[in-house]
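Just so you know, the protein sequences line up as chains U and X, in that order. In case it helps, the numbering used here puts the first sequence at residues 1 to 472. In case it helps, the numbering used here puts the second sequence at residues 1001 to 1433.
Derived by calculation from the structure, the hints in this document are not laboratory data. Hints should not be assumed to be uniformly reliable.
[Stated by the list, open to error] Simulated crosslink set (BS3-like; lysine-lysine; CA at most 30 Å straight-line):
no., chain 1, residue 1, chain 2, residue 2
1, U, Lys377, X, Lys1349
2, X, Lys1138, X, Lys1174
3, X, Lys1040, U, Lys377
4, X, Lys1349, U, Lys66
5, X, Lys1050, U, Lys66
6, X, Lys1404, U, Lys371
7, X, Lys1050, X, Lys1233
8, X, Lys1404, U, Lys374
9, X, Lys1025, X, Lys1051
10, X, Lys1349, U, Lys374
11, X, Lys1131, X, Lys1189
12, X, Lys1174, U, Lys58
13, U, Lys390, X, Lys1249
14, X, Lys1414, X, Lys1105
15, X, Lys1287, U, Lys377
16, X, Lys1131, X, Lys1040
17, U, Lys371, X, Lys1040
18, X, Lys1287, X, Lys1051
19, U, Lys259, U, Lys170
20, U, Lys371, X, Lys1349
21, U, Lys61, X, Lys1040
22, X, Lys1349, X, Lys1404
23, X, Lys1287, U, Lys374
24, U, Lys312, X, Lys1040
[As the list claims (entries may be wrong)] Just so you have them, the derived chain X footprint on chain U, three or more residues with Cβ under 8 Å:
no., region
25, 387 to 396
26, 401 to 408
[What the hints assert, rightly or not] With beta-carbon atoms standing in for the labels, derived distance ranges:
no., chain 1, residue 1, chain 2, residue 2, range
27, X, Ala1377, U, Leu77, 40 to 46 Å
28, U, Pro370, X, Lys1414, 41 to 47 Å
29, U, Ser418, X, Pro1017, 41 to 47 Å
Positions of the beta carbon are idealized from the N, C-alpha and C atoms, including for glycine.
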Amino acid sequence: METETATDKSIEIDREESNFHYDVDYKHDAGRGLDEGTIDYISNVKNEDDWVREFRQKALKVFNEKEMPTHWASEDLDTINFDEIRYYLSAGEAPKRSWDDVPDEMKETFERLGIPEKERKFLAGVEAQFDSEAAYSNVKDAVSEQGVIFVNSSEGLAEHADIFRKWFGKVIPTGDNKFSALNSAVFSGGSFIYVPPGVKVKHPLQAYFRINAEQFGQFERTLIIVDEGAELTYMEGCTAPKFETSTLHSAVVELVAMKDAKIQYITVQNWSANVFNLVTKRGLAHEGAEVRWIDCNIGSRLTMKYPGVVMKGEGARGEVISIALANDGQHQDTGAKMIHAANNTSSNVVSKSISVGEGRSTYRGHVHIPKHLKGCKNNTECDALLINSKSRTDTYPAITVRGNQHATQHEASVSQVSEEQIFYMKQRGLSEAEAMSLSVNGFVNDLVREFPMEYSVELKRLIDLEMEGSVG
Amino acid sequence: MSLSLLDSPSSLNSGLPEWYLQLRKTAWSEFLEIPSPNRKDENWRFANIKKLSYEGVNDAQSIDGFDIDQHLSESVHLNSDNNRMIFNNDTFLYQSPSKDDLIDKGFIFKPLSQALIDHGTLIESYFMKEKSRLGSQKFYKLNQARQKEGYFIYVPEGLEIDEPIEVFHWLSGKDSAIFPYSLIITDKKSNLTVAEYVASSDDQFGLVCGVSDLIAEDDSTLTYVRTQNLSEKAHSIQSSNVLSHRNSKVKNFSLNLGCDWLRHESISRLMGDGASSEMISVSVPEKNQEFDMRTLQLHEHPNTSSDLLYKNALYDQSKTTFAGMIKVEEGAHQTDAYQTCRNLLMSDKCEANSMPGLEINADQVKCSHGSTSNPVAEEELFYLMSRGIQEPVSRQLVTFGFVKDAVDRLNNDKLEEVILKKLERRFNRIGLR
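Taking the hints into account, I'd like the entire structure generated from these sequences.
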């Protein structure tokens, strides 16, 4: 394999210097398959501390011991061949792909989404987007004046261990599930953010800027700590389809909101149809804190993602707002997990899914209110829209309430775009496809409004695109 | 050494059809083969698997001198002696004489052991054809293998029977197990209501492992009401299967009051145009009772409807699990399916688990489910209290209203009265809190 040319020399690279630069001439590739050697390789390249190495090695053992969760999840998981996967490809690898390798339909989609020329190449993974690096630096400078730390996972663990080590792997322990264990073993990339007490970060921080400086990771690890009374909005992903050659994406995202802090985490992801997207996301909300997950999943072969909030302090709030769209051959298995662990905590889940063609969308929810607590509230709503006769949707919530001082309600509905609606619009001169798009956009409209403006505009266009050819 | 459920079943009376004996034999080996439910089984999520132990449990033995009149007078039921059948420990004790005109028209109501001999061929085409889909395969097979008694009802085409049929099952003695089987068939355009009462005659531990098959042929109407008031120590595993054919209307109601632990699996299959099924349940668990209920509304044909309402009022340290699934199969378009589970939390130690599920594979479907877990609403208490009613009384009134709402769905005054009386007794025993 010509890509497997890494040597020990690479270990000596000065990460400080080369951080967020592309024109470095090294490449690292841990090869295919996963064993202790792979882990050592990654640790060596990253020049990690012993505790991180041990953390990874332990995680590998847990990963190997854990069974696939196919007793409840899709059996499609069994088709993942872990020996065929490359677990570590460092910067400098992907840009070698040429624009000609990008499928035509992808190019066309870029065209129609109105994505600028330069960004297209970046999104297709053929070129790094250097402009954004400047943008990232600007953002970094602006926030660092306030004491905000915004770095990648390796740098976070190496340079700011005193801050990040305390919470690293604490919100989502290695053994949480098979894929969190996998991520804990081979993670690279992702953001580590710390916001000091009382700092309200005005502009949303965007992973988009930071991640491209090292390519989107397959196994990114994100840890965000927002200290007392501080506030942060973080955005990751983008609405354009991402051309991925790697078939497994497994991230871990941990959020820690200290007393009275607020975190809003916004994700819009649009994977190509060969990707398994298996993500573990969880937030820990202390007293009076608020954690909101705003999540949009489009594309992929199978997405399994259930953002959660552990409400650990009195009066904490958790929220998950999610939109999923499953087209032919896709399964969006998403949901939410709300763990109430203190008095007067409240959580809200609103989920809307759209199944097009032979697509399948699934909602899985878990709400847990233990004994001896008072005044906990949960509201869950999930609505599913079926577009075609072969479309499929499932809902599997689980709600546990102990004691009589709580209130939970769960509601779900499944419906179609009504024929009268379509008729009404067609009468006014819209084509059937346009009418359908408009209707679907109407269905998710109240959630789309929760996204930042630029995202919501693109989201609407994206839904238009996905709906094309679904009627008639 | 005493007998145990794990010993092979004893032989039966002679004269039973060969196919039945063969099935029974096969079921026994299947029972032994099927592994016990384990923690990883989704169908047993939140279930207390520890309760599934049959150590020391034996087939119930028939009892000499079981006083029917005394037990009848102590229980709540309808007032007429028409169409009544009574069992104790899976032994047939009494049947009120059926009216000749009904028999002339082809109506059949017999204990299972007799019906198998008289109507073997008819029974064979309906007998335990259903798969156990919700987790209790092992116990479904156990019922089949240990079955001794039960009843068979067949209502011929066009016959409408207004007076409800009543069946009593009493369980007596420590460590007794019974395996009742009910097979009810309403043929085309017929109409029937059955009330089945399952109760303990003492306060001992015992096991009821029952199966009921309810088949409603085209344009027929079938209402089945099962009340369970076993002892506080008893365990119960009940599977009920409803087959609803074209334009048939089935109502499957269950009231659960007794048992230390119970598992109730209820399936409705909607199999023809216009088929409809209602599934209603009321439970009032207290102390350490654990009720585990799993349901499936299976829409296999277009233009069908189903509606489920399960209500639980939980006292003390009681625990309920509701797992409901609406499954709309491919091609079952124009389905209307609803599912509601409501838990009223009456103590700060009770636990309610709800897993309302949907699996939709068809188009033009209207489906929804809702699940709530709440204490008695402050406003409702306030309303009553501001009218001079004391808080504990108000609380009980609201709770009674909560369960009555589900009972009202029966649309049968006499049966509603029976159920409400049973509930009244329950609430009186629980007392004002």
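Checklist entry - Does the Cβ-Cβ separation between X/Ala1377 and U/Leu77 fall within 40 to 46 Å? => result Check passed, 44 Å falls within 40 to 46 Å.
Next on the checklist: For X/Lys1131 and X/Lys1189, compute the direct alpha-carbon distance and say whether it is at most 30 Å.
Outcome noted: Distance of about 27 Å is within 30 Å: holds.
Checklist entry - Between U/Ser418 and X/Pro1017, is the Cβ distance one that fits in 41 to 47 Å? => result For U/Ser418 and X/Pro1017 the Cβ distance comes to about 54 Å; the hint is violated.
Checklist entry - Is it true that the CA of X/Lys1414 sits at most 30 Å from the CA of X/Lys1105? => result The given pair, whose Cα atoms are some 26 Å apart, holds under the 30 Å limit.
Next on the checklist: Holds or violated: X/Lys1131 and X/Lys1040, Cα atoms, limit 30 Å.
Outcome noted: 21 Å, holds
Item to check | Given pair status - X/Lys1051, X/Lys1287, alpha carbons within 30 Å | outcome: 16 Å, holds
Item to check | Claimed coverage, the region 401 to 408 of chain U by chain X - three or more beta carbons nearer than 8 Å | outcome: holds (count 8)
Item to check | Distance restraint between X/Lys1050 and U/Lys66, which requires alpha-carbon spacing of 30 Å or less | outcome: Answer holds: X/Lys1050 to U/Lys66 is near 24 Å, not above 30 Å.
Checklist entry - Given the proposed pairing of U/Lys259 with U/Lys170, does the C-alpha separation stay at or below 30 Å? => result 17 Å, holds
Next on the checklist: Can you confirm whether the C-alpha distance between X/Lys1287 and U/Lys377 stays at or below 30 Å?
Outcome noted: 25 Å, holds
Item to check | Straight-line alpha-carbon gap X/Lys1349 to X/Lys1404, limit 30 Å | outcome: Given that 30 Å is the threshold and the Cα spacing comes to 24 Å, the pair holds.
Checklist entry - U/Lys312 and X/Lys1040: Cα distance at most 30 Å? => result 28 Å, holds
Checked against the numbered hints above, the structure violates hints 4, 12, 29; every other hint is satisfied.
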